[in-house]
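S.K.: Construct the entire structure; sequences and hints are all you get.
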Amino acid sequence: MSDNPDFTPNEMMTIAASRALRNDDVCFVGIGAPSAACNVARLTHAPDITLIYESGTIGTAPDVLPLSIGDGELCETAVTTVAVPEMFRYWLQGGRISIGFLGAAQLDKFGNINTTVIGDYFHPKTRLPGGGGAPEIATSSKEIYITMAQTRRGMVEKIDFFTSFGHGEGGDHRKRLGIDTAGPTLLITDLAIWKPDPVTKEFTVVSLHPGVTRQQVQETCGWMVKFAEALDETPAPSELELTTLRDLQARTKAAHEGSGKAKAA
Amino acid sequence: MVKFLPLKQAVAENLNNGDSVAFEGFTHLIPTAAAHEAIRQGFRDLTLIRMTPDLIYDQMIGMGMAKKIIFSYVGNPGVGLLRRARDAIENGFPRSIEIEEHSHAGMANAYEAGAAGLPCAVFRGYRGAGLATVNPNIKSVTCPFTGEVLAAVPSIRPDVTFIHAQKADRKGNVLVEGIVGIQKEAVLAASRAVVTVEEVVDTFDDLHPNLTVLPRWTIAAISVVPGGSHPSYAHGYYARDNAAYLEWDEIAADRDKFQEWMQANVIEKSADDFAARVEHLRKAA
Numbered sequence: 000m001s002d003n004p005d006f007t008p009n010e011m012m013t014i015a016a017s018r019a020l021r022n023d024d025v026c027f028v029g030i031g032a033p034s035a036a037c038n039v040a041r042l043t044h045a046p047d048i049t050l051i052y053e054s055g056t057i058g059t060a061p062d063v064l065p066l067s068i069g070d071g072e073l074c075e076t077a078v079t080t081v082a083v084p085e086m087f088r089y090w091l092q093g094g095r096i097s098i099g100f101l102g103a104a105q106l107d108k109f110g111n112i113n114t115t116v117i118g119d120y121f122h123p124k125t126r127l128p129g130g131g132g133a134p135e136i137a138t139s140s141k142e143i144y145i146t147m148a149q150t151r152r153g154m155v156e157k158i159d160f161f162t163s164f165g166h167g168e169g170g171d172h173r174k175r176l177g178i179d180t181a182g183p184t185l186l187i188t189d190l191a192i193w194k195p196d197p198v199t200k201e202f203t204v205v206s207l208h209p210g211v212t213r214q215q216v217q218e219t220c221g222w223m224v225k226f227a228e229a230l231d232e233t234p235a236p237s238e239l240e241l242t243t244l245r246d247l248q249a250r251t252k253a254a255h256e257g258s259g260k261a262k263a264a
Numbered sequence: 000m001v002k003f004l005p006l007k008q009a010v011a012e013n014l015n016n017g018d019s020v021a022f023e024g025f026t027h028l029i030p031t032a033a034a035h036e037a038i039r040q041g042f043r044d045l046t047l048i049r050m051t052p053d054l055i056y057d058q059m060i061g062m063g064m065a066k067k068i069i070f071s072y073v074g075n076p077g078v079g080l081l082r083r084a085r086d087a088i089e090n091g092f093p094r095s096i097e098i099e100e101h102s103h104a105g106m107a108n109a110y111e112a113g114a115a116g117l118p119c120a121v122f123r124g125y126r127g128a129g130l131a132t133v134n135p136n137i138k139s140v141t142c143p144f145t146g147e148v149l150a151a152v153p154s155i156r157p158d159v160t161f162i163h164a165q166k167a168d169r170k171g172n173v174l175v176e177g178i179v180g181i182q183k184e185a186v187l188a189a190s191r192a193v194v195t196v197e198e199v200v201d202t203f204d205d206l207h208p209n210l211t212v213l214p215r216w217t218i219a220a221i222s223v224v225p226g227g228s229h230p231s232y233a234h235g236y237y238a239r240d241n242a243a244y245l246e247w248d249e250i251a252a253d254r255d256k257f258q259e260w261m262q263a264n265v266i267e268k269s270a271d272d273f274a275a276r277v278e279h280l281r282k283a284a
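The listed protein sequences correspond, in order, to chains V and C.
Quick note, the first sequence lines up with residues 0 to 264 if you use numbering that gives the first Met the number 0.
Quick note, the second sequence lines up with residues 0 to 284 if you use numbering that gives the first Met the number 0.
Everything labelled a hint here was simulated from the structure, so no lab data went into it.
Computed from a prediction, not measured in an experiment: that's the story for all the values here.
Fair warning: there could be bad hints in the mix.
The calculated label-pair distances, taken between Cβ atoms and stated as ranges, are [to be verified]: (1) C:P5 x V:E238: 58 to 68 Å; (2) V:T76 x C:G91: 38 to 48 Å; (3) V:G177 x C:G116: 52 to 62 Å; (4) V:L239 x C:K2: 51 to 61 Å; (5) C:K66 x V:D231: 27 to 37 Å; (6) V:H44 x C:A252: 39 to 49 Å; (7) V:V78 x C:C119: 30 to 40 Å.
All C-beta atoms, glycine included, are put in the ideal place defined by N, C-alpha and C.
M.R.: The structure is reproduced here in structure tokens:
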């Protein structure tokens, strides 16, 4: 994908996503790609970021990426751990979360996400795990960041199910439903950085990752892509960013594959 | 008043065919041993409630024990899909099951409402979410003070809740710590609660005063099952067996392989087998 052999598109995605987070953010972390990005941010430019996982761990600082949202290390390294109802009532619904960071199985151009079913809900072709915390993360967090690798299957004109609401049909659809938070404000893929158009709310490419062409972005996206007039190039990963990410992933791999069996050996 | 019982007896005395039952544990402290005992005793037509139905629900669904599941995330956390649950939902195998799907916020609020003795939970949720259009139990109410339209779901009040916890004292009070999840609410929302614990200690006199302790009179039965949460974990006792979660994906992918695994690892085993499964996951004290 990239002409630069020094990093992969997925590494670029995670690092670009990590850069979007600020030191004073309170971030509700989705599992998978968001979790890697959030922890790279914490280990580089945002050491004081508050990372919250839906298991109730607030201000966690894991040494390896958790396999689940409730791995023990999240609790051991957290500032505090609260019960799940408190997590969703006081901290999320109470308006304490600045960024909800989500992944997606299916995404449309208005940032609506489907992780529930492929096909009809009652007669699904593929039953996916479902929303978990996402429906309320999407509406109660002040802003939503989304990260996913681009594929035509994943980025579609019309999603099969509205697991979590982005900008709906675009424009002021959120407001019309009584949702007063900003919704999706950033999409980071393995090829580009996207932001919603201020009026239509359609995701628009604002920055291409190094070596990526407009054609590549369009070929891996199921809707007609809009590009900003002034298109930036995403700065390539720094050595610190790359080393931090790779070390984190190596520690994670060793910890998960080995399980306790390796520790006992 | 709480009774200390062997797990086999605790399950037999508290679970019935047709019950609504929650085997709760939010990634941590999943009551695997209790679920396996329920599988061995072959209960039918259960309504299985759980925020995050994972391996044990995949197993019970695959064994044909569930007529309905109420849930908010039907996945293998961090791994992917639950293949026995999928087979039931997509193909009606080994039987068709009814599903009632919520968000985590919806379930958490519903358990809390159940514990609080309320008929329903009210919260700011499901706005623009597809679940509100496919689940008739998601409704709305208007705040009588502000006019804000809020989501309402029925409270969850299981016939019986099973949880795993770290320890009980000799009187039968139970301590839960670490990721406490929904353990307390699930117990207090239920008509009956059965708790498996890692160990029994003399007293809780030396504990911090604000820890999550379920008084003995909130619990019907306690069974001592060391390792009873495996492949989940018990904070302070043993780590999560992440490799087992990854392996489950392959076992559950095939109907025959699943049956063989269940026969060898559940049907022909007992609660006493759990301790050995966590030996290599125990942390140095």
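S.K.: Quick one: are V:G177 and C:G116 within 52 to 62 Å, going by C-beta?
M.R.: violated (29 Å)
S.K.: Should the hint that V:T76 and C:G91 are 38 to 48 Å apart at their CB atoms be regarded as holding?
M.R.: With a Cβ separation near 44 Å, V:T76 and C:G91 satisfy 38 to 48 Å, so the hint holds.
S.K.: Okay, V:L239 versus C:K2 on CB: inside 51 to 61 Å?
M.R.: Given about 59 Å between the Cβ atoms, the range holds.
S.K.: Is the hinted range of 39 to 49 Å satisfied by the C-beta distance from V:H44 to C:A252?
M.R.: Since V:H44 and C:A252 have Cβ atoms about 41 Å apart, the given range 39 to 49 Å holds.
S.K.: Does the Cβ-Cβ separation between C:P5 and V:E238 fall within 58 to 68 Å?
M.R.: At roughly 59 Å between Cβ atoms, V:E238 and C:P5 fall inside 58 to 68 Å, so the hint holds.
S.K.: CB of V:V78 to CB of C:C119, is that within 30 to 40 Å?
M.R.: This hint holds: roughly 33 Å between Cβ atoms.
S.K.: If I claimed the Cβ atoms of C:K66 and V:D231 lie 27 to 37 Å apart, would that claim hold in this structure?
M.R.: Violated: the Cβ-Cβ distance is about 55 Å, outside 27 to 37 Å.
In terms of the numbered hints stated before, the structure departs from hints 3, 5, listed from lowest to highest.
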